[in-house]
Structures are given as C-alpha cells and as structure tokens.
Amino acid sequence: MTEETPAISTGIGADPSGLKGVVTDWSHDRQAFQVPWGKAMMWIFLLSDTFIFSCFLLSYMNVRMTTTVAWPNPSEVFALSFGGQPIPLILIAIMTFVLITSSGTMALAVNYGYRKDKKKTVLLMLATAALGATFVGMQAFEWTKLIVDEGVRPWGNPMGAAQFGSSFFMITGFHGLHVTAGVIYLIVTATRVGTGYYDRHRGGNYEMVEITGLYWHFVDLVWVFIFAFFYLW
Amino acid sequence: MAYVAIADRDHEQPMHEPRSFVTKYIWSQDHKVIAIQYSLTAIAIGLVALVLSLAMRLQLGFPDTLSFITPDQYYQAITLHGMIMVIYLLTAILLGGFGNYLIPLMIGARDMVFPYMNMLSYWVYLLSVLVLCSSFFITGGPTGAGWTLYPPQVILPGTPGSDGGIVLMLLSLVLFIVAFTMGGLNYVTTVLQARCRGMTMMRMPLSVWGIFVATILGLLAFPALLVACIMLLLDSVLGTSFFMPALLSMGEVSEHTGGSPILFQHLFWFFGHPEVYIVALPAFGIISDLVSVHARKNIFGYRMMVWAILIIGGISFIVWAHHMYVSGMNPYFSFFFATTTLIIAIPTALKVYNWVLTLWRGDIHMTVPMLFVIGFIFTFINGGITGLFLGNVVVDMPLSDTYFVVGHFHMVMGVSPILVIFGAIYHWYPKITGRMLNDRLGRIHFWATLFGTYAIYLPMHYLGILGLPRRYYTMGDTSFIPDSAQVMNAGISVAALFVSLVQLIFLFNLFWSRTHGKPSGSNPWKATTLEWQTPQTPPKHGNWGPDLPLVYRWAYDYSVPGAAQDYIPQTMAPEDVPTSDASYHGGEGEHS
Ligand code: HEM
Ligand SMILES: [Cu+2]
Numbered sequence: 004m005t006e007e008t009p010a011i012s013t014g015i016g017a018d019p020s021g022l023k024g025v026v027t028d029w030s031h032d033r034q035a036f037q038v039p040w041g042k043a044m045m046w047i048f049l050l051s052d053t054f055i056f057s058c059f060l061l062s063y064m065n066v067r068m069t070t071t072v073a074w075p076n077p078s079e080v081f082a083l084s085f086g087g088q089p090i091p092l093i094l095i096a097i098m099t100f101v102l103i104t105s106s107g108t109m110a111l112a113v114n115y116g117y118r119k120d121k122k123k124t125v126l127l128m129l130a131t132a133a134l135g136a137t138f139v140g141m142q143a144f145e146w147t148k149l150i151v152d153e154g155v156r157p158w159g160n161p162m163g164a165a166q167f168g169s170s171f172f173m174i175t176g177f178h179g180l181h182v183t184a185g186v187i188y189l190i191v192t193a194t195r196v197g198t199g200y201y202d203r204h205r206g207g208n209y210e211m212v213e214i215t216g217l218y219w220h221f222v223d224l225v226w227v228f229i230f231a232f233f234y235l236w
Numbered sequence: 395m396a397y398v399a400i401a402d403r404d405h406e407q408p409m410h411e412p413r414s415f416v417t418k419y420i421w422s423q424d425h426k427v428i429a430i431q432y433s434l435t436a437i438a439i440g441l442v443a444l445v446l447s448l449a450m451r452l453q454l455g456f457p458d459t460l461s462f463i464t465p466d467q468y469y470q471a472i473t474l475h476g477m478i479m480v481i482y483l484l485t486a487i488l489l490g491g492f493g494n495y496l497i498p499l500m501i502g503a504r505d506m507v508f509p510y511m512n513m514l515s516y517w518v519y520l521l522s523v524l525v526l527c528s529s530f531f532i533t534g535g536p537t538g539a540g541w542t543l544y545p546p547q548v549i550l551p552g553t554p555g556s557d558g559g560i561v562l563m564l565l566s567l568v569l570f571i572v573a574f575t576m577g578g579l580n581y582v583t584t585v586l587q588a589r590c591r592g593m594t595m596m597r598m599p600l601s602v603w604g605i606f607v608a609t610i611l612g613l614l615a616f617p618a619l620l621v622a623c624i625m626l627l628l629d630s631v632l633g634t635s636f637f638m639p640a641l642l643s644m645g646e647v648s649e650h651t652g653g654s655p656i657l658f659q660h661l662f663w664f665f666g667h668p669e670v671y672i673v674a675l676p677a678f679g680i681i682s683d684l685v686s687v688h689a690r691k692n693i694f695g696y697r698m699m700v701w702a703i704l705i706i707g708g709i710s711f712i713v714w715a716h717h718m719y720v721s722g723m724n725p726y727f728s729f730f731f732a733t734t735t736l737i738i739a740i741p742t743a744l745k746v747y748n749w750v751l752t753l754w755r756g757d758i759h760m761t762v763p764m765l766f767v768i769g770f771i772f773t774f775i776n777g778g779i780t781g782l783f784l785g786n787v788v789v790d791m792p793l794s795d796t797y798f799v800v801g802h803f804h805m806v807m808g809v810s811p812i813l814v815i816f817g818a819i820y821h822w823y824p825k826i827t828g829r830m831l832n833d834r835l836g837r838i839h840f841w842a843t844l845f846g847t848y849a850i851y852l853p854m855h856y857l858g859i860l861g862l863p864r865r866y867y868t869m870g871d872t873s874f875i876p877d878s879a880q881v882m883n884a885g886i887s888v889a890a891l892f893v894s895l896v897q898l899i900f901l902f903n904l905f906w907s908r909t910h911g912k913p914s915g916s917n918p919w920k921a922t923t924l925e926w927q928t929p930q931t932p933p934k935h936g937n938w939g940p941d942l943p944l945v946y947r948w949a950y951d952y953s954v955p956g957a958a959q960d961y962i963p964q965t966m967a968p969e970d971v972p973t974s975d976a977s978y979h980g981g982e983g984e985h986s
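Just so you know, the sequences run in chain order G and Z.
Quick note: the first sequence uses this note's numbering, first residue 4, plus one each step.
Quick note: the second sequence uses this note's numbering, first residue 395, plus one each step.
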C-alpha cells in the first residue's frame, strides 16, 4: 500500500553502526525476514524436524556402539540377487536415485510456478509425487523382504544385534511417514494450483509450491544422511 | 537504513468474524479465546496435581495415622504430580496461555499468523490431557516410574503401570509435543513476521522476548523428548531394546539385550534442562514487565535483558548432564557440564540485578502484582543459590536424590513460576475481563502463599542435608534420620494443606470478580504497552478495530523527565506527548 512510513524513530542519535547497527537492521519493525509467513514457518518447522532426525540418528549410533552383539553387515543384508548374483545395496541405490530425481522435478516445478506456468507446475509436482510414491513402494518391498525372507523383527534378527532391526524399522519408518505425508502434501498443492485455488484466494501467488518444495527437499536431504549412516557405515 | 518500509501485508491475515456461540467460544480461532481455553485446562489439570501432592504429603507427614495410599499409589502420585506440574500446567499455561494472549496484543497483530493451526494446537493439547487422565482408570493405573520415566524400571513388571499406564503416558506426551509444535510455530512466526509498524524487535516488551525465546527452546528441545518417547514406546510395546540392557527382573532373565539406559537419560535431559528455561524465560519476561509497570520506572538495562535471555537460551542446551552426575558418566563430562552450569548463572544473576536495580529508587506501587514480583525475586534467588550448590559435582554427589533437590527445584521452578503466573493473572485480568480482581483477597492470597510455600520448602533443604532420600514412601527406621525429621515432615504437610486451601481464595476471586469486580477501565495500571491501548476492553476479535496501531517508542517510557504523565504509551507520537517542563527530551526510546 502507498501509505507513508511515519517517522518512527524518536530522533535521538543517528542510526547506530557496527554490531549495534546489525542488530537494529535485523530487528527493524514488522518483519525479520522478507518472506511470506508460511515460508518462515516452514523453515522453523524444518529446523525442529532436523533435531528430531538428529536425535534418531544419534540414538542409533549410540545403541550400535553399546550393543554387545555384532552388527550385521549392511551391504550383505541389503543385497539383491539378480540371476544368482548378489549385488550389494542395489535397491537402496535405486531408491536414492529416485528420491534425488524427485528433488530435481520439484525444483523445476517451483521454477515454473514462479513463471505462472500452471500446466507445467502441476505436471512436475505430480511427477514428484509419483517418484515419492515409488520410493515408498520400494521401501515397502524392502521391509517385506527383510521381514519375510530374512526374519528380521524389531526385537531381534538372525544376523546379529537386535538393535539392527529396531533402529532400521524405526528410522526408515519415520522417514517413510515423512515421504508419505509429502506425497499427500504435493498432491493437495498441485490440485490447488490446477483448480485455480491460488488464483482465486491468493491473488495468483504460487508461493505454496515453493513451501511444499522446501519440505520435499528436506525429506530428501534427510534420506542422504540415513543412507550414509545406515547403509554405508 | 534502520527502518525499512515494506509492503503492507495485512491481506495475509483474513479475519473470520465468528458468528455463533460455538465458533466464538468453543471452536474458536481467536488467540484470546484459545489462551483462555489453554489456561483453564491447565489450571484444572494442575489442581489434580495439587491433590496428588497432598496425598503424598499426608502419607509422608503422618505415616501411621493418615496413611491411605499404598506404596504403589505413592509412586503413581509422584509421577503424575511431577509430570503434570512441569508439562501440562506450567508449559501449557505460560506458552499456550500467556503466549497466546500476549503475543498478538503486545506486538500489535490481529491474531496469530495461522489461527486455524492455533486452534488445533489447543484441541490436541486437550486430547493429550484426556489421554493422561484416562490412565487413572485403566487396570494397573498410571505409571509410577517418577516423572523422569527412567528405563529400565519404567517398563519392568513391579513398577506400577508398567503394562498400560506407561503407554498412555507416552502417547499423551507425544500428543502434547504435537500440540506444542503447532502452537509454537505460530508464536515464533508471529513474533518474527507480524509485528505492527514501528514495533522493532528491540522495542518489544520483555514478556514477548521471554515467550519467544522459550518457544524456540521448546521447538528444539521437545524433539529429544519425542524421540525418547517413541523409542520407549517401542521398547515397552514391541519388545525392542533401545534402552533396555540384558537383566534379571524378578528372578527371570528379561527378553531385552544390549540397550543403553544412559541414552534415555541423555535424551530426556537434553529436553529436560531446556524445559526448565521454557518455564523460566516467560516468567523472567513477565516479571520484567510487571516490575517496570508497578515501580513506574523503565526496566534497567533493556538490551542487557534481551541478550541475557538469548544467552541463557543458548547455554541451556549444553548443561543437561548436570542431572546425571550420579549416573555413571565420564568425570570429564561432569567437569564440562559443571562449568557450563555455573556459567549460565552469570546471565541469570544479571537479570536478577537488573530487576532489583529497576526497583531501586522507583516509585514502587505496592499493588498485588508487585507483591508477587517481590516474592518471586526472593524465591528465585533462593532457588538459584541452591542450584549453584547442586551444579558442583562433589557437592551434588551426597545431595543428589535427597530432599535438598526437592527443595531446590520446587523453589526455582515450582514456586517461582507459580508466583509469576499469579502476579500476571492479577495484572492482566482487568484486560481479559474488564474488571479488577479483588485487592484484599489478593493480598491475603499472596502472603499466605508466600509464607506457606516457604514453610514447605525451606525445611526440605535441611532434611536433604540430613540425608532424607527423595521419592520414598516412608522413611522407616533409618539410624541416620533423627526422630525430629518426622516432626518436620509433619509440619511441612500441614503447611502444604494450608497452601492448597488458600488457593481456593484465589479461585473464588477469579470467578467472583468476573461479575462483581470493580470495573477497571482500559488501562488501570497506566501501562505503556500495546495491549493496554486497545480500543475496547476486553479486546474484540481482531484486537485493534479498523487500524493497526503505530508504535513510536519502546515499552518502558515510565516517569520520563518533563512529561506530564508518568507513562507514555508506545503508540504516542513524540510531538503528542504532553509536557510539563522543558527538560522533556522525548523519552528513553532509542538510546536504551
Ligand atoms: C503446594 C504445592 C506442591 C507440593 C505440596 C508439592 C509436593 C511434592 C512432593 C511431596 C513431592 C515428592 C517428593 C518425593 O517424595 O521425592 C513432589 C515432587 C515433585 N514436584 Fe511437587 N509439590 C508442589 C508443587 C509443585 C510444582 C508447582 C511443581 C512444578 C515444577 C512441582 C514439581 C515437582 C516435580 C518435578 C517433582 C518430582 C517428581 C518425581 O520425583 O518424579 N511441584 N512434590
Ligand atoms: Cu538442568
């Protein structure tokens, strides 16, 4: 709006410089960050979620060190046989690839969102959701294989330390829930873009696409850490 | 450029004017209604915790005559008492209650940034309280593991509630965390992004600063509790062994193997210590505002106070293991944590000095809120000093798990925040209802509560030094405990009964003054902050009428030399300030 900013400084002294100036600038009136509310809130939420995943991963490392029984070798456990030839970590490699690709499609969706290219935005978001769903599907497959074929249970497994199964199911399960929630979130946002909800209610502002994207990239990033600490260690 | 004009974002806050009774008072999205809902629920569940403490006190005071609870029930009472007091009462009322009420009003917003989520936050909180209460009614009853819920005993048979109670407790905590997160994201985003024009962060009242930083602490600390709860839930329901080592339980080898009970303690206290400050920082903030208003003086060292809040918040994340000196930790860790613990005392002491210096030569009005302020300062110093003792490893070793600890933490995080909450209710009740609380009843309530609580907790320090262990159902015949300890225990119990009864006066006052109190007008304390400048009292939906307020100065322009009144509201432009002589220079606003 065009209203003028009032002289809100009481006029004592000039604008402070140095460290004080940094504080004054950062804490100036109304907004600390020049971003929409939803985006600011998503950043804060993700910070909180980072702490959740860090706690999970640190706990996993801790029990891996305290348990008295040998830890199963991940590259053997997570191998798939093709034609009698076991290939270590192949499924996880594909899953990781799928998820990282979905980050790419998401980034493109955000880009087209800014260009107000409705059709491409919707398609790319749905593609992202589809890749996410594929990831969850492959995870379900992996879980089934571990539970049915290998006899891994949350409370124990034939290969070694009981904590292997418990941490695995807990952490990948928690992450899988995040991905599932993300898929739903993507579909909702894509639908709203597609049906013109944001044109009608937000003055054609597609910032929700970017906010959804933030969440999605975060979930991908977390996976990289889970991948590194669980499968490669 | 210090003050950047940015595009007006008012359109981001569409107002949904509530129409029916249900949308206005029940499914309400108005931050003020949600605040009341949060507070009343917290007070209600807090009364349950109070009754539980009386049951324990009667048992401890008169083990032979009034012993109507069993040892198992004692443990259940102690667990639920501690958990409810810390989480479901104090955290909920300070952040969900005061946070919700004060943040939008004090920073000049119409509501929280996402009111719908804010409403959900309350309902999930209510659900968590109901789940907690339901554990009283299942077979086996609620868990009796102590509010710290330490494994392994928490899920071993023999501990009360190890089959069902603990599951409900953990579920309830998870729900609470979800509720807190929804509310907390709102509070932080609102403070960061929805302040009115002229409201720089360095002009915010310290109440908002305290609540803001406490909420950030919550958003970073509750994750650890969440993870601990999930893992404990899996241990108890699915038989995993995150926290459970291999052990013999009741003569049988348990099915667990290889877990780490210490891991739970780390996770718990990584949450648990910041939790102390989640309760304390809002209290600090509120006290700063009350002291300034009722001493008619600007808060001493505003910037220092803000930095102290931030520094305390930061350091509170690296002191947690001072709760674990006796858990079998590497002594080097203890050394580190003792050091950080003692360092955190510096900014804390600084805050206390600043409160006292604000009082110094102030125009002190001995109103009821001011009484509570002074009571708080005393009590907090008391609890803080015993904290210094317990922060030192060698001093803590013999005192740990004795009544000294019980005395310490009740002083510092039991009585102190409760005094602040009382003071704050006496202070803001006129804004919430448009009527004053009865003054005489308030004074009786204050003195009885203050002396009563000291009668309860001061002797506990002595008992602790004697070696009376904490969490004991009865002291039995122990040679090192003299008979006189029992006399003292009986006295404490009488005082506890007395303090509890006195709270009825307060509750009566709350309800009676709602209809019979003296009408307060819009600004009975002549305060500067925005919530007292609303067009209506109580503020209507949307808070500010058609135009958002415009802020010209900081929150503490009291007794400005040369000004005609002893306070200048934050909304008053420099040229509008009525002056009485030429020494007026525009207020303290900028060069604080
Ligand atoms: C008149 C008020 C109160 C009375 C009479 C009271 C009494 C007690 C008693 C008798 C115990 C058990 C001590 C033991 O056997 O070791 C206890 C524990 C505890 N209380 Fe209070 N209390 C009161 C208020 C509060 C408040 C306001 C808080 C809030 C922080 C609180 C927090 C706790 C905690 C955290 C425990 C430890 C529970 C545990 O050991 O698991 N209490 N209280
Ligand atoms: Cu602590």
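Keep in mind that the hints were calculated from the coordinates and are not lab data.
Just so it is clear, CB atoms sit at the ideal spot from N, CA and C, and this is done for glycine as well.
Heads up, some of the hints might be wrong.
With a Cα cut of at most 25 Å, we get these calculated SDA-like pairs of lysine to any residue [claimed, not checked]:
1. G:LYS23 with Z:THR533
2. G:LYS42 with Z:TYR510
3. G:LYS42 with Z:PHE803
4. G:LYS23 with Z:ILE705
5. G:LYS42 with Z:THR742
6. G:LYS23 with Z:ILE709
7. G:LYS42 with Z:ARG591
8. G:LYS23 with Z:ARG591
9. G:LYS23 with Z:VAL518
10. G:LYS122 with G:GLY199
11. G:LYS23 with Z:MET596
12. G:LYS42 with Z:PRO968
13. G:LYS42 with Z:PRO741
14. G:LYS23 with Z:PRO741
15. G:LYS42 with Z:LEU751
16. G:LYS23 with Z:ILE740
17. G:LYS42 with Z:VAL518
18. G:LYS23 with Z:MET511
19. G:LYS23 with Z:VAL572
Some residues of chain Z that are not near chain G, with every Cβ distance over 10 Å (derived) [said to hold, decoys possible]:
20. PHE636
21. ALA849
22. GLN897
23. PHE900
24. LYS912
Evaluated hints:
no. : hint                   : result
1   : G:LYS23 with Z:THR533  : violated (61 Å)
2   : G:LYS42 with Z:TYR510  : holds (17 Å)
3   : G:LYS42 with Z:PHE803  : violated (39 Å)
4   : G:LYS23 with Z:ILE705  : holds (17 Å)
5   : G:LYS42 with Z:THR742  : violated (34 Å)
6   : G:LYS23 with Z:ILE709  : holds (22 Å)
7   : G:LYS42 with Z:ARG591  : holds (21 Å)
8   : G:LYS23 with Z:ARG591  : holds (21 Å)
9   : G:LYS23 with Z:VAL518  : violated (41 Å)
10  : G:LYS122 with G:GLY199 : holds (11 Å)
11  : G:LYS23 with Z:MET596  : holds (11 Å)
12  : G:LYS42 with Z:PRO968  : violated (36 Å)
13  : G:LYS42 with Z:PRO741  : violated (33 Å)
14  : G:LYS23 with Z:PRO741  : holds (20 Å)
15  : G:LYS42 with Z:LEU751  : violated (41 Å)
16  : G:LYS23 with Z:ILE740  : holds (22 Å)
17  : G:LYS42 with Z:VAL518  : holds (24 Å)
18  : G:LYS23 with Z:MET511  : violated (36 Å)
19  : G:LYS23 with Z:VAL572  : violated (37 Å)
20  : PHE636                 : violated (6 Å)
21  : ALA849                 : holds (41 Å)
22  : GLN897                 : holds (35 Å)
23  : PHE900                 : holds (36 Å)
24  : LYS912                 : holds (36 Å)
Checked against the numbered hints above, the structure breaks hints 1, 3, 5, 9, 12, 13, 15, 18, 19, 20 and satisfies the rest.
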